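Peer 1: Take a look at the letters that make up each chain.
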Amino acid sequence: MERRYRTNMLLVELMIVILFFALSVSVPVRMLFAARRLSDTAGAETRALSAAQNVADALTVAEDQCAWLSENGFLQQGDRYLAETEAYTLTVTLRESAENGAGALKEALVTAEHAGEMLFTLDCTRYEGVTP
Amino acid sequence: MKGQIRSGHTITDAFVYCLMGLFALAGVLVALLAAKVCRTVTDDAQKNTEQRLPAAFVRTFVRAADAKDGVYIGKENGIDVLTAREIFDGEEYLTRVYCYDGVMRTSLTAATEAFDPLLGDAICALAGMAFEEKDGLLTAELTDGEGITETVSVSIRSVREQ
Chain A
11 MERRYRTNML
21 LVELMIVILF
31 FALSVSVPVR
41 MLFAARRLSD
51 TAGAETRALS
61 AAQNVADALT
71 VAEDQCAWLS
81 ENGFLQQGDR
91 YLAETEAYTL
101 TVTLRESAEN
111 GAGALKEALV
121 TAEHAGEMLF
131 TLDCTRYEGV
141 TP
Chain B
57 MKGQIRSGHT
67 ITDAFVYCLM
77 GLFALAGVLV
87 ALLAAKVCRT
97 VTDDAQKNTE
107 QRLPAAFVRT
117 FVRAADAKDG
127 VYIGKENGID
137 VLTAREIFDG
147 EEYLTRVYCY
157 DGVMRTSLTA
167 ATEAFDPLLG
177 DAICALAGMA
187 FEEKDGLLTA
197 ELTDGEGITE
207 TVSVSIRSVR
217 EQ
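As given, the protein sequences belong to chains A and B, one line each in that order.
Heads up: take any position in the first sequence, counting from 1, add 10, and you land on this note's numbering.
Heads up: take any position in the second sequence, counting from 1, add 56, and you land on this note's numbering.
For the record, the hints were derived by calculation from the structure and aren't laboratory data.
Do not take every clue at face value.
To be verified - Each computed BS3-like pair below joins lysine-lysine, with the alpha-carbon atoms no more than 30 Å apart: (1) B:K190 - B:K124; (2) B:K190 - A:K116; (3) A:K116 - B:K131.
Unchecked claim - Quick list of the computed label-pair ranges, beta carbon to beta carbon: (4) A:E94 - B:A80: 44 to 52 Å; (5) A:A77 - B:Q102: 35 to 43 Å; (6) A:E109 - B:D172: 49 to 57 Å; (7) A:L33 - B:R95: 41 to 49 Å; (8) A:F30 - B:A183: 50 to 58 Å; (9) B:E148 - A:A125: 48 to 56 Å; (10) B:T105 - A:S80: 32 to 40 Å; (11) A:S107 - B:T207: 46 to 54 Å.
Computed from a predicted model, the values in this text were never measured in an experiment.
Don't be surprised by glycine CBs; every beta carbon is placed ideally from N, CA and C.
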């Protein structure tokens, strides 16, 4: 009878210990998944930054920015151009100041997004003078 | 009756051992999962660094040397070379960036000295590097050890006069 009681107590004790450890394990497991998510975001940011810098530099020298964007896989949506990859989305917004006698200011805003969150915006501005 | 009690004890004991075994198995699984995630995170960080370093170096190199006749590309000893030209105390010096023997290298020499790719300082591991310049846009194709090519485009505000 006493042996049975001791066995049952051991069982209860063991279950309490397992429950405690299971709860404790949930903390590092969540941290591991958070680390994995951060690592994925960092990778996406690296690739997005590199791609955005390439686009900004190419737009700086492009004769026709709209044509360059269309040729390089950007889809026009209203006044914006979008390029989507698995890791990030690049959005380019083109603006042009009203031309005065001296020339016009051409601005391109390159925005990168990852999982619906904005990562950064690169501003690339070029002055285009009037050829006499 | 005695036999029945003994049998009940045996089942309870077996359950306790099974529970302990399950607990040990869960512990091992968590440890394996942690090791796998840790390895993946470290590998990803290493990959990001390997991808970012040569690209950032080329971009910064061009930006820093972007002056009239300051930066240009060419082939020397059959190797694609990105060169920055500077003048100190009336003497011309060339800083070259190139890939040789699986390593991205840079070397600073006087313009009169011959180019020896072995003498460059190692920057990082890189399998290949090719340059192209068109309408003021310099494009560098950087290939890493796994054969993945990263393209870097940098606008040169001062295009070299030929």
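Peer 1: Check the structure against each numbered hint from earlier and tell me which ones fail, lowest number first.
Peer 2: 3, 7 and 11
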